[in-house]
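**Q** Put the two chains together into one complex; each comes in its own frame, and the hints tell you how they fit.
Sequence lines, in order, name chains A and B. Taking the numbering used here, the leading residue of the first sequence gets 77, the next gets one more, and so forth. Taking the numbering used here, the leading residue of the second sequence gets 22, the next gets one more, and so forth.
Rather than coming from a laboratory, the hints here were simulated on the basis of the structure. Note that this is a predicted model, so its numbers are computed, not measured. Quick reminder that beta carbons are idealized off the backbone N, C-alpha and C, glycines included. A hint or two may mislead.
[Said to hold, decoys possible] Under the rule of at most 20 Å between Cα atoms (straight-line distance), these lysine to any residue pairs were calculated in the SDA-like manner:
no., chain 1, residue 1, chain 2, residue 2
1, A, Lys224, B, Pro112
2, B, Lys34, A, Arg172
3, B, Lys96, A, Phe133
4, B, Lys96, A, Ala137
[Claimed, not checked] Looking from chain A toward chain B, a few residues come up when the C-beta cut is under 7 Å (computed):
no., residue
5, Tyr148
6, Pro178
7, Ser469
8, Thr474
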Amino acid sequence: MLDLTYEAPKPKVIAGAKHDWELVIGMEIHAQVASQAKLFSGASTKFGAEPNSNVSFVDAAMPGMLPVINEYCIEQAVRTGLGLKAQINLTSAFDRKNYFYPDLPQGYQISQLYHPLVGEGEVIVDMEPGVARLVRIERIHVEQDAGKSIHDMDPNMSFVDLNRTGVALMEIVSRPDIRGPEEAAAYVVKMRQILRYLGTCDGNMQNGNLRADVNVSICLPGQYEKYMETQDFGHLGTRCEIKNMNSMRFIQQAIDYEAKRQIAIVEAGGNVDQETRLYDPDKGETRSMRSKEEAHDYRYFPCPDLLPLEIEQGWVDDIAASLPELPDEKKARFVKIFGLSEYDASVLTAEVVNAAYFEEVVTAAGDGKLSANWVINELFGRLKKDDCDIADSPVSPTQLAGIIKLIKSDAISGKIAKDLFEIVYSEGGDPEQIVEDRGMKQVTDTGAIETAVDEIIAANPAQVEKAQQNPKLAGWFVGQVMKATGGKANPKAVNELVAAKLGL
Amino acid sequence: MSIDIETAARVAKLARIKVESEDLPALAQSFNDILGFIEQLNEVDVEGVEPMVSVTPMRLKRRTDGVTDGDMQDKVLANAPDAREGFFAVPKVVE
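So that you can see chain B by itself, here it is in the shape it has in the complex (with noise of 0.2 Å):
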């Protein structure tokens, strides 16, 4: 597989990071030489090996249902670059 500058330009549109058109085809150098990798790695053989999902043998961590958390509205909304009544405010958004 490999990544044109088409494809690099909308994987940036998706990802919403502004690239210049000078850098895509940098953009997509780069890509392809991290599939380039994968592919490498396809090479091997791991026929009846069981995939690793983790690098060590943990079960995935769960908690009870209880509420120990939130309740700060204005720390949550510290941030914001506008927030009005316990709100964020955002440029309109309309569907």
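Just chain A, with the same shape it has in the complex (with noise of 0.2 Å):
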């Protein structure tokens, strides 16, 4: 395998008043599972439906309904645990875990407390090139999400929306091993990239189909290292867990305000109190949500209405040798075969389509180096600029190929590609073509160019007798001579004629 070897980097370090603290964070993140009907009923998934019209009696919890579980979302939760090199259980079971909210109509979640149907697994968090966090991945377990409720339409009530009801979520939990807020953002970013290529989840977080909750606590240099050696939790602090975020951006405001609210309570003598806390982006602050707090105990029991998940090891293999390549490994293989640089890499299969457009380019192109700075900076940068994605992209692999082709081949410039690949980009077209068509190919006759540069040296006496004196003013002859060809002239060979002509 083609592997990228990194080192862990360096844990974020907040100064107190009387002491540096480093943090740990542990992370659950709420997937909702890619598929067309919902956990345990046959009602659709699909966001922004008419309010409660994505709603079977199921759902709705009315009496003597029956959950019959989409064997498709088990599937795409075992294939989130292969995709993190987790253990997959072949017998899980579900739990209810009871309380009550007007959005969750049955009074208890399906979910997973005691036989998750994914174990331990890992994930590989990118910092920088050559900078990377491994974290562990405790398990993952696979239950119903709830309603939503809606609390500004009207002065007194609270409106409620079941379409939501019973989706199917992929709970995935870390062990404590993100060591400060960036790393946490980037935890969150590199979870959704995975989901995004197994295709598990689209990782929308806009619409909460991806949410997090950080679980946070303090601690003195060299605490983290004791309870790794021992994985014993006394050596660290008490945790507050803050819920529900869906933004890169206030995980990590949320983070640093929460560390430095717990560490100025420790450093004044006083106990963080173990709880679970909403972050206010608007206030920048975090706070206790209280109103929670009776409601914890959550009575789990077995779910009588289900019987235990029993799946079997040929299943698991068939979804095992179906797994797409991954990122870690894509990003690996660029650098291996294409001789990108790390960077380059990481740009390129941060997105599953953006990784096969650069694929086909370079594949037609030759070229890895080339091709992806031109994927990178031309096409990216365009279409940034337009707001656009590469699906929409005007340009296809195989022109953007001929443009590379073209200037592999010394038919044109480098300035001239750019010209040609915004034409190619606002009117279409075979590269190829337009360039031959419109005159755009580089004069790589030095006859010809060393007409032009005669007749620059002949018309301009003066610059000649400057530029024999001090050789850095050649450039002005180069320059006037691809002005003088329209910036079609082959640099170097104009580089060079120029040189030999005043004798430099």
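**A** If you want it as structure tokens, here you go:
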């Protein structure tokens, strides 16, 4: 296997009034399973439908309705587990987590506390080229999502929409291996990338399809290493859980705020209470969710409506065999096979569609480095300007490869290539044909260039004298020749000829 | 394990079942009777016996991933004490 090596990043250190402190962060990511129907009913999962229209009697918890599991949701969770190199449990079971809330008509959420579907795995969180954090995954369990309560449509009432009720979620629980706000955001980015590669979650954070609960605690330098040695949480501080965040920026801000809050408490001689908190982005602070405290007694018990979930090793093996190439492998391959820098490879593999586009270009054009430059700088830059993504690109991989091939064969200069790209981008057409039709071909015919050089030298005797004393001024002649030839002269040939004619 | 009146009151509250305070001692006693029966079961030696999760040897029934249900807002809302603009309307819940 092609593996890149990396070093662990330094943990973030925050200076308190008395000590330096380090952060210890664990995350629970709730990822909505990409499926047509819900986890236990045949109602649609489609976002943005009329309220309460994607609701079956099972989701509405009508008396006597029984859950029947959607096998594809299980397949998706297994695929996710395999993508995180995790252990798959052939026997798992569902439990009821009991609490009352208007958007939870059953009065309980069907989840997997005691016997999750997926066990321990890992994910490599890239920080910068050559630096990455290995974060251990503790488990992934499958559970139902709740509905949605809307509080601002009426002064006295809350409105409840059950469309999301019963949609399958994967709860991906990490070990407390994340050591700073930036790492926490990078962890979510990497998880989202892997899920999107696998096609098991669309990762749409705005729609709430990927949300994170963040557990934050502080410790003195050296304590975390003791925890890692012993796996004894006694070495770490008391943690607080910040619930339900769906923005990378807010995740970082919330962790920053929460760490400073805890440091202030501990340095003043107090104790951090283990509690659930909410981040308020308007005020930039976290606050306690006191209302949840009493409800914290969830009285979990095995769901009597569902038998244990037994899956076969052969089925798991089939899913494993169908896994796509994942981001780490793809990035390593791009570095090794196409000679890209790790940075370029990261940019190109961030989204699987981008990587596929690049591969098409490089396969047709050859030259990994040049192809990467054109895809990243010209194409991505141009698309960004129009607020488009690659799916809307007016330039196909074949067209872009055509432009690159023209550069490689010295048919056009790099500068003309940019003009050509703009023409292909806005008007379309075959790059080679355009170059032919519009006379954009680079002049490599030394005879023609020589004539132009001679003319300019003859017309500017004063400049010739200066350049002969100071060879750096030869650039002026090169510029004049390029101008005279409409930018089509091969710059390398011009340089050589100018130097020769001036006797430099 | 023994359930006192306080625990009985707490469990009732968590289950959102209203129990008058004079009924709590009897409720606690019922809990204790049930738990006593469970404790009796605990006396049986089940060493080496595989836990039985169902009385019939069945595999968990599965469905395929297709939309076969829903699209009946009126029926879903039919029993709601209050519904507006397609939503269930409930007394304001503020977090």
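**Q** Each of the hints needs a verdict: does it hold here or not?
**A** Consistency of the hints with the structure:
Under the criterion of a C-alpha separation no larger than 20 Å, the hint pairing Lys224(A) with Pro112(B) is consistent with the structure, at around 15 Å. Taking the CA atoms of Lys34(B) and Arg172(A), the gap is about 18 Å. The hint holds against a cut of 20 Å. With a C-alpha separation of about 9 Å, the suggested pairing of Lys96(B) with Phe133(A) holds against the 20 Å cut-off. Between the alpha carbons of Lys96(B) and Ala137(A) the distance comes to roughly 13 Å, so the proposed pair stays at or under 20 Å and holds.
The closest approach between the C-beta of Tyr148(A) and any C-beta of chain B is roughly 3 Å, which is under the 7 Å cut-off, so the hint is satisfied. About 5 Å separates the beta-carbon of Pro178(A) from the nearest beta-carbon of chain B, less than 7 Å, and the hint is met. For Ser469(A), the interface hint is violated, since its Cβ never comes within 7 Å of a Cβ in chain B; the closest pair sits about 31 Å apart. With its C-beta approaching chain B no nearer than about 36 Å, Thr474(A) sits outside the 7 Å limit, and its interface hint is violated.
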